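Colleague: Here's the letter readout for the chains.
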Amino acid sequence: MATTMAPPAPTAGTTFGPKILVFSTNNISDPGIDLAGSSHLHYSPRAMTIAVPCSSGIAPEWIAYAFDQGFDGVFIASDGEECSYLTDCSERSAKLFERAQAMMAEKGYAPERLKMAAICSVCAEPFVKYMHEFEAQLRELGPVGVA
Amino acid sequence: MSERKIGVYVCQCGGNISDYVDVERVRQAVAEDPDVVVARTAMFTCSDATQDEIADDIKLDDLDGLVVASCSPKLHTFTFRGVARRAGLNPYRYTQVNLREQDSWAHTDDRLGATEKAIRLVRAGIARTRLLEPLDPTVVETVPRALVIGAGIAGLRAAIGLADIGLGVVLIEREAEVGGHVRELGTMYPHDRQGQELISELLGEVRRREGIALFTNAELVRKGGTFGNYEVDIRTRGDSNMTRRFEVGSIIVATGFDSYLPEEGEYGYGIPGVLTLPEFKKLVDASEGPLVYGDRPVRSVAYIYCVGSRQGESGPHQYCSRFCCTSAVHTDLELRAKAPKVHQYHLYRDMRTYGRYELLYNDSREKGSAYLKFAPDTPPEVQRRGDGQLEVRVHDQLASQEEVNLDVDLVVLVTGMVPRSNQELIQRLKLPVGRDGFFNEIHPKLRPVETVVDGVAICGACQFPKTAGESVASGLAAVSWSAAMLKQGRAELDPQVATVDPDLCTFCGVCMEACPYGAIGQQELGGSRQVAVIDPATCKGCGGCAPLCPEHAINVLGYTGREVEAMIESLAAGVA
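From first to last, the protein sequence lines are chains A and B. The first sequence begins at 1 in the numbering used here and counts up one residue at a time. The second sequence begins at 148 in the numbering used here and counts up one residue at a time.
Bear in mind the hints are in silico, worked out from the structure with no lab data behind them. Wrong hints could be hidden among the right ones.
So these bits of chain A aren't anywhere near chain B, every CB distance computed over 12 Å [claimed, not checked]:
(1) ASP30
(2) ALA36
(3) TYR43
(4) VAL52
(5) GLY57
(6) ASP68
(7) GLY80
(8) LYS107
(9) GLU112
(10) LYS115
(11) PRO126
(12) GLU133
(13) GLN137
(14) ARG139
(15) LEU141
(16) GLY142
When the alpha-carbon atoms are kept at most 27 Å apart in a straight line, the in silico DSS-like pairs for lysine-lysine are as follows [stated by the list, open to error]:
(17) LYS221/B to LYS129/A
(18) LYS634/B to LYS129/A
(19) LYS577/B to LYS592/B
(20) LYS370/B to LYS634/B
(21) LYS95/A to LYS577/B
(22) LYS577/B to LYS488/B
(23) LYS370/B to LYS115/A
Far from chain A, by Cβ distances over 12 Å, these chain B residues were calculated [to be verified]:
(24) GLU248
(25) ASP256
(26) GLU263
(27) ALA271
(28) ARG369
(29) LEU553
(30) ALA645
(31) LEU695
(32) VAL711
Treat the numbers as computed from the prediction; the structure is a model and nothing was measured. Where is the CB? At the ideal position from N, CA and C, for every residue including glycine.
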């Protein structure tokens with residue numbers, strides 16, 4: 001997959017800037033996202049983060065609700081293998097991810113609108129790279145709810 | 148609509164926020180909310196003056212919710228909870244909004260975008276705060292005594308530290324002798340002390356302190372009680388097979404590591420003259436003058452690095468063991484001091500002699516040891532020739548992939564640390580284990596020795612591979628952590644834990660199965676209806692059970708479905 005380090009220019013005649021909801025975790029990925037800011041690494045200000053204790057606690061219903069409310073993409077910055085609570089956090093998060101995609105399919109949201117990646121507490125650059133790639137991909141998909 | 152009285156404080160952070168975000172526009176945008184009765188900006192919300200101002204507003208306007216929009220919640224959550232508490236507002240009716248790390252600093256190139264994001268983030272904070280219920284932390288009394296499990300260098304040093312700070316200590320060691328791996332070490336860097344000598348000295352210090360009860364041949368066989376007052380049963384083997392019970396306020400796990408043992412045939416392991424690093428170190432330590440192995444003089448040695456470490460997808464040990472490069476280089480210098488003429492070849496993947504250990508690496512190279520870099524996909528090959536000589540073949544990455552043949556008398560496999568098998572202890576203490584098999588702290592930098600199990604800390608090499616010095620440092624960190632908790636005589640547990648709505652629960656048992664901490668039990672509710680019930684003192688608040696509940700009966704307080712959905716609505720809404 002091509003790596004896009006800067007968001008591409010919007011297609012002619014549109015100024016669509018995708019809204020991205022990020023779920024982070026208090027101990028692991030949220031400090032990584034903080035570090036991106038502390039390092040003054042730029043990503044879209046339409047990406048907004050809600051921090052929760054652990055990615056295994058993110059309800060698929062919340063993800064579906066975000067699309068209902070007009071978010072164009074949801075990104076789960078998961079604990080991965082560093083979770084201090086649950087040894088099998090990766091597997092649990094993966095199952096929730098699948099459930100969320102099934103729920104999205106029922107509502108007619110493209111499955112690519114949901115992304116998940118483990119973001120460690122110092123993963124500032126990977127996070128920003130994911131944001132740029134995801135934003136580019138969502139621009140191609142267009143606004144949520146528009147066929 | 149609920150009628151709340153919320154105070155909102157938008158911080159300029161001395162320009163860190165206000166240079167990139169129009170904070171006055173943010174203030175005006177959120178002041179319109181009917182539930183917001185006070186909305187102010189401040190140069191520094193964390194300053195004493197502004198803290199006092201917030202406290203005055205809480206009292207004067209009888210605020211029942213507080214939103215501070217400033218830096219990351221990692222910095223000042225406890226500060227503003229304190230402000231709320233001092234002013235008589237429940238501290239859990241406060242939300243910290245991250246306007247600096249996750250807004251102004253991340254969007255220094257887009258003032259309008261950053262300002263609109265700020266408005267959404269603060270509105271989401273208000274939406275959450277509107278729904279927050281007051282919570283009270285469970286306060287527990289703590290016993291001024293600690294259990295230290297493992298009397299290696301970290302555990303011994305921790306026990307001494309605890310006693311000196313005025314806490315009682317129960318120090319237990321599974322082996323007959325204290326000192327662990329360090330007892331077996333020869334001369335150690337940087338003070339040139341013998342391992343045995345260091346351990347004897349620490350043991351002397353332990354014995355001098357009346358507050359420390361040391362048991363060898365001893366194991367923890369049961370943990371009961373609750374946080375602050377754990378009951379631990381210690382069984383000793385040998386002449387007096389007996390079990391003693393102690394009450395302790397904290398438990399420090401310092402159970403150390405095992406050395407990696409290569410497979411038969413791994414880099415020739417099993418061939419006479421192919422040794423692991425610990426085996427070779429003993430040989431060097433025991434040697435006076437020229438080195439002899441078997442009855443043959445040793446004139447040349449090849450070290451092969453990363454044996455049993457960085458195994459990639461194929462093996463269980465995917466991590467770098469950190470200490471082994473330095474240990475091998477130090478052994479090179481020890482040998483050189485005793486037998487300067489021995490040729491020493493180091494076959495490495497990457498050298499990791501961090502910090503001051505770089506000096507050892509330089510010293511070794513300057514004195515003539517050769518370092519050859521190999522690639523992981525072309526590892527060195529070890530063979531024994533007919534005449535008994537060992538032959539090592541390696542592609543030297545730094546010399547155009549040239550194949551180098553080394554005839555050597557000894558091959559040293561630089562083996563790392565692996566996690567110890569401690570299933571029973573893990574079960575008894577519910578210790579969190581990481582993918583690498585070592586115990587997991589909450590955060591390697593911010594909370595480096597605490598585990599998610601309240602009152603249980605980890606230190607030394609049971610946490611990850613460490614040098615003796617690093618193990619002692621973490622042991623002392625565990626002492627500080629214990630003292631901060633036990634010297635107060637009381638501790639608070641975070642009340643933001645999972646709860647079950649008994650009206651929705653049908654007791655299917657899914658949540659009970661999902662909780663590795665055993666926090667979820669079964670309760671009969673009026674008549675014969677069974678419901679799940681969560682013990683707030685045992686629940687860690689991870690929320691792993693909540694999305695699994697088919698009835699949506701479980702919520703984590705502070706992160707309930709309604710609160711999260713209200714935040715999503717505010718973040719998605721327009722800012723006009």
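Colleague: If a hint holds in the structure, say so; if it doesn't, say that too.
Modeller: Verification of the supplied hints:
no.	hint	in the structure
1	ASP30	violated, 8 Å
2	ALA36	violated, 6 Å
3	TYR43	violated, 6 Å
4	VAL52	violated, 5 Å
5	GLY57	violated, 3 Å
6	ASP68	violated, 9 Å
7	GLY80	violated, 9 Å
8	LYS107	holds, 15 Å
9	GLU112	holds, 19 Å
10	LYS115	holds, 17 Å
11	PRO126	holds, 15 Å
12	GLU133	holds, 17 Å
13	GLN137	holds, 19 Å
14	ARG139	holds, 16 Å
15	LEU141	holds, 17 Å
16	GLY142	holds, 17 Å
17	LYS221/B to LYS129/A	holds, 24 Å
18	LYS634/B to LYS129/A	violated, 46 Å
19	LYS577/B to LYS592/B	holds, 22 Å
20	LYS370/B to LYS634/B	holds, 22 Å
21	LYS95/A to LYS577/B	holds, 24 Å
22	LYS577/B to LYS488/B	violated, 52 Å
23	LYS370/B to LYS115/A	violated, 42 Å
24	GLU248	violated, 4 Å
25	ASP256	violated, 5 Å
26	GLU263	violated, 7 Å
27	ALA271	violated, 7 Å
28	ARG369	holds, 23 Å
29	LEU553	holds, 38 Å
30	ALA645	violated, 9 Å
31	LEU695	violated, 8 Å
32	VAL711	violated, 5 Å
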